[in-house]
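Going line by line, the protein sequences match chains A and B. Heads up: the first sequence begins at 1 in the working numbering, then just goes up one per residue. Heads up: the second sequence begins at 1 in the working numbering, then just goes up one per residue.
These are computed hints drawn from the structure, not numbers from a lab. Here a beta-carbon is modelled for each residue, glycine too, at the ideal position from N, C-alpha and C. Be aware that one or more of the hints could be misleading.
[As the list claims (entries may be wrong)] Think about it this way: if two alpha-carbon atoms lie no more than 30 Å apart in a straight line, the pair counts; the simulated DSSO-like pairs of lysine-lysine are:
#1 A:Lys158 <-> B:Lys114
#2 A:Lys114 <-> B:Lys50
#3 B:Lys50 <-> A:Lys200
#4 B:Lys158 <-> A:Lys165
#5 A:Lys201 <-> B:Lys158
#6 B:Lys83 <-> A:Lys114
#7 B:Lys201 <-> A:Lys161
#8 A:Lys165 <-> B:Lys259
#9 A:Lys134 <-> B:Lys50
#10 A:Lys200 <-> B:Lys165
#11 B:Lys134 <-> A:Lys158
#12 A:Lys114 <-> B:Lys114
[Unchecked claim] Have a look at the derived ranges for each label pair, beta carbon to beta carbon:
#13 A:Pro32 <-> B:Ser262: 50 to 56 Å
#14 B:Gln77 <-> A:Gly163: 46 to 52 Å
#15 B:Ser243 <-> A:His5: 37 to 43 Å
#16 A:Ala79 <-> B:Leu197: 44 to 50 Å
#17 A:Lys4 <-> B:Asp220: 42 to 48 Å
#18 B:Asn258 <-> A:Asn42: 49 to 55 Å
#19 A:Ser262 <-> B:Leu46: 51 to 57 Å
#20 A:Glu76 <-> B:Asp244: 31 to 37 Å
#21 A:Lys134 <-> B:Asn245: 32 to 38 Å
#22 A:Lys259 <-> B:Asn139: 26 to 32 Å
2 protein chains.
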Amino acid sequence: MTDKHASFVKRYLEVSRSKNSILCVGLDPAVPEQRKENVLANNDRLAFMKQIIKEVSPFASVIKINRQYIIGLTNEQIADLNKLIHRNGMLSIIDHKLSDIGSTNASAIYWIKKEGFDAFTFSPFAGNIGEATKEAHKNDLGIIVLTLMSNPESSIQKETKIGNKSLYIYIAEECRRNNSDACVVGATGNVTNIDLLNIKKVVGENILLLVPGVGAQGGDAENIIQVFGKNLMINVGRSIIYSDNPAEIAENFQRQFNKLYSNIM
Amino acid sequence: MTDKHASFVKRYLEVSRSKNSILCVGLDPAVPEQRKENVLANNDRLAFMKQIIKEVSPFASVIKINRQYIIGLTNEQIADLNKLIHRNGMLSIIDHKLSDIGSTNASAIYWIKKEGFDAFTFSPFAGNIGEATKEAHKNDLGIIVLTLMSNPESSIQKETKIGNKSLYIYIAEECRRNNSDACVVGATGNVTNIDLLNIKKVVGENILLLVPGVGAQGGDAENIIQVFGKNLMINVGRSIIYSDNPAEIAENFQRQFNKLYSNIM
């Protein structure tokens with residue numbers, strides 16, 4: 001594995017280059033009671049997650065697990081998952097959307113570190129991007145800041161203004177100013193190519209983009225790859241994890257992204 | 001206990017009236033490794049929490065537990081805590097600051113319901129107040145929406161505008177329009193009396209206020225009680241749970257709030 005004290009950005013660029021993959025697999029295990037379709041055959045979230053981790057590992061650089069799907073698992077169970085992810089040559093992100101004040105964010109970061117993740121997502125409703133980034137880096141964790149989401153209602157991130165500036169631009173600037181590791185930007189819905197160019201202009205070359213919404217949610221990877229090159233983690237979740245052949249689908253996405261990249265560059 | 005299918009607002013007003021207390025105790029157990037002062041004597045978060053629940057129960061109507069302090073506890077352990085809270089005549093809130101999109105929020109709500117909480121907090125960075133409120137109420141859970149926080153950086157909630165409207169006013173309006181149960185409004189820092197009056201004007205009589213920041217964080221309860229009367233949960237955390245005598249301090253806060261109320265009314 002990469003040097004644990006190197007920044008998340010550096011470690012990701014190393015892993016993704018050596019694996020030739022910008023694919024991040026969103027591993028969000030829904031138990032049968034939760035949803036009718038596209039769910040686990042039984043309540044064993046851990047077994048399901050371990051199987052997917054092993055199957056997609058040749059084709060993905062990152063596993064992203066959403067906190068809202070693993071509530072109730074113990075620190076040890078999650079640490080075991082992360083060890084498996086690392087043994088299989090990938091990095092792990094907890095999609096936590098942490099959104100609290102200083103000392104409480106620090107508590108989350110303490111437990112996230114103990115669980116063995118490499119980075120976490122942060123929701124900047126309460127500001128605190130600078131403070132949370134410092135606390136993350138003190139713990140050798142990457143911080144990935146929600147910047148412009150693609151669900152219809154998150155249009156408030158575009159429509160709200162600070163002065164003449166859209167909130168999402170302000171957030172991207174705060175990320176650059178505080179050396180946060182990555183921004184989350186949606187691939188569908190209300191995110192336009194102009195938004196992508198605006199964000200690229202602000203964050204430059206040192207900040208990654210994590211892009212959910214490709215696959216089941218219908219996002220288009222082409223524009224994003226055109227703007228961000230390989231400073232990019234493209235997340236695909238349900239289309240892979242609930243397919244009959246997760247490895248095959250993961251491989252298809254890896255190839256598709258690499259092909260788009262080589263067409264453009 | 002109150003009728004499980006009654007709204008959270010109704011159940012809170014019933015409990016707080018019968019206990020004559022608008023005190024909510026913030027139960028956030030920091031283990032010794034996390035912080036130097038004001039922490040548990042050991043790593044047994046559960047034992048600490050159970051003891052506090054029993055000690056403060058004569059004086060408090062609500063226990064609020066922050067998710068970022070109970071990461072790693074199992075569904076069963078948390079369900080046991082909630083049973084203890086309910087047996088002691090209180091309601092329980094998970095301070096989750098949920099901040100995701102539809103199906104993922106639904107997953108969190110599924111687990112929160114299984115854990116036995118009565119309500120959860122919601123961070124509306126991605127919008128979705130309407131959708132999340134519907135999902136909460138389908139599960140007989142209350143939803144408490146971050147509206148105007150008091151940490152310095154959360155001033156973006158005041159400074160960002162939708163049209164001519166501050167973001168926090170827009171959020172309060174969304175809460176009213178969607179019948180959300182409560183708004184979170186800070187008691188310190190950048191929350192002025194005018195902000196409180198603005199919020200009251202929007203939310204009217206049917207939405208509660210959850211106010212953190214009293215006690216250790218130095219907030220002043222008087223203005224808030226003057227504006228919101230008893231449609232109010234005032235949260236006190238560290239000043240109670242890390243004191244030498246949590247019961248006594250809780251009783252002091254209960255009395256103080258009731259005295260302020262009777263002075264004003």
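Going down the list of hints, with the structure as the test:
no., hint, verdict
1, A:Lys158 <-> B:Lys114, "35 Å, violated"
2, A:Lys114 <-> B:Lys50, "24 Å, holds"
3, B:Lys50 <-> A:Lys200, "50 Å, violated"
4, B:Lys158 <-> A:Lys165, "15 Å, holds"
5, A:Lys201 <-> B:Lys158, "27 Å, holds"
6, B:Lys83 <-> A:Lys114, "28 Å, holds"
7, B:Lys201 <-> A:Lys161, "24 Å, holds"
8, A:Lys165 <-> B:Lys259, "46 Å, violated"
9, A:Lys134 <-> B:Lys50, "33 Å, violated"
10, A:Lys200 <-> B:Lys165, "29 Å, holds"
11, B:Lys134 <-> A:Lys158, "25 Å, holds"
12, A:Lys114 <-> B:Lys114, "25 Å, holds"
13, A:Pro32 <-> B:Ser262: 50 to 56 Å, "53 Å, holds"
14, B:Gln77 <-> A:Gly163: 46 to 52 Å, "47 Å, holds"
15, B:Ser243 <-> A:His5: 37 to 43 Å, "39 Å, holds"
16, A:Ala79 <-> B:Leu197: 44 to 50 Å, "49 Å, holds"
17, A:Lys4 <-> B:Asp220: 42 to 48 Å, "45 Å, holds"
18, B:Asn258 <-> A:Asn42: 49 to 55 Å, "51 Å, holds"
19, A:Ser262 <-> B:Leu46: 51 to 57 Å, "54 Å, holds"
20, A:Glu76 <-> B:Asp244: 31 to 37 Å, "34 Å, holds"
21, A:Lys134 <-> B:Asn245: 32 to 38 Å, "35 Å, holds"
22, A:Lys259 <-> B:Asn139: 26 to 32 Å, "44 Å, violated"
Hint violations for this structure: numbers 1, 3, 8, 9, 22, all remaining hints satisfied.
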